[in-house]
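Asker: Note that the numbering used here has the sequence shown beginning at -9, numbered continuously upward.
Just so you know, the hints here were simulated from the structure itself, not pulled from any lab data.
Among the hints, a few may not be true.
What the hints assert, rightly or not - Below, in silico cross-link-like pairs of lysine-lysine (DSSO-like), each with a Cα-Cα straight-line distance of 27 Å or less:
| id | residue 1 | residue 2 |
| --- | --- | --- |
| 1 | K63 | K112 |
| 2 | K29 | K11 |
| 3 | K78 | K111 |
| 4 | K64 | K76 |
| 5 | K43 | K29 |
| 6 | K63 | K11 |
In this text the structure is predicted, and so the values were computed from the model without any measurement.
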Amino acid sequence: MAYTASPTPAGPIGTQYCVCKVELSVCGQNLLDRDVTSKSDPFCVLFMEVNGKWVELDRTETAVNNLNPAFSKKFIVDYHFEEVQKLKFALFDQDKSSMQLYEHDFLGEFSCTLGMIVSSKKITRTLLLGNGKPAGKGMITLVAVLEHGDPPC
């Protein structure tokens, strides 16, 4: 029996229907202390790579005087199956009421794919500074939970 090649579709079949919402929880451990008279006041910023550029998606609340924060705000992200979604979690010490990140002290960051977090459900990794070196003993823990009510793929 002979088989003939059919035209290749423009994109992956059915991936537009394979989207679930994922709730991401963030905790920091042993963060750098950038304050002189107290401990750092950390907050986490979530970025996603879009067309080769990092775009800010959301921020957590600020944990006052806390080097081991468990942020109560959860990040909600659409998880597109079979699509590489690069994420970056960057932690900063809030110094002012400014929304401009350059006005806050950088505490470290961690980059990975959303698929890596979802498949592991929980990961703990070293925070890195801009030069790729560890941010002291700073660590980040990320936990992914698929939101209830999403249709299974």
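Asker: Hint by hint, note whether the structure agrees.
Answerer: Against the structure, the hints:
Restraint check: the Cα-Cα separation between K63 and K112 comes to about 17 Å, which is no more than 27 Å; the hinted pair holds. For a cut-off of 27 Å, the pair hint linking K29 to K11 is broken: about 34 Å separates their Cα positions. Between K78 and K111, the direct Cα distance comes to roughly 17 Å. Compliance with the 27 Å bound is thereby established for this hinted pair. For the hint pairing K64 with K76, the CA-to-CA distance comes to about 18 Å; that is within 27 Å, so the pair holds.
Our distance criterion of 27 Å between C-alpha atoms is broken by K43 and K29, whose separation comes to about 32 Å. Between K63 and K11 the alpha-carbon distance is near 15 Å, which keeps this suggested pair within the 27 Å criterion.
Taken one by one, the earlier hints fail for this structure at numbers 2, 5, listed in ascending order.
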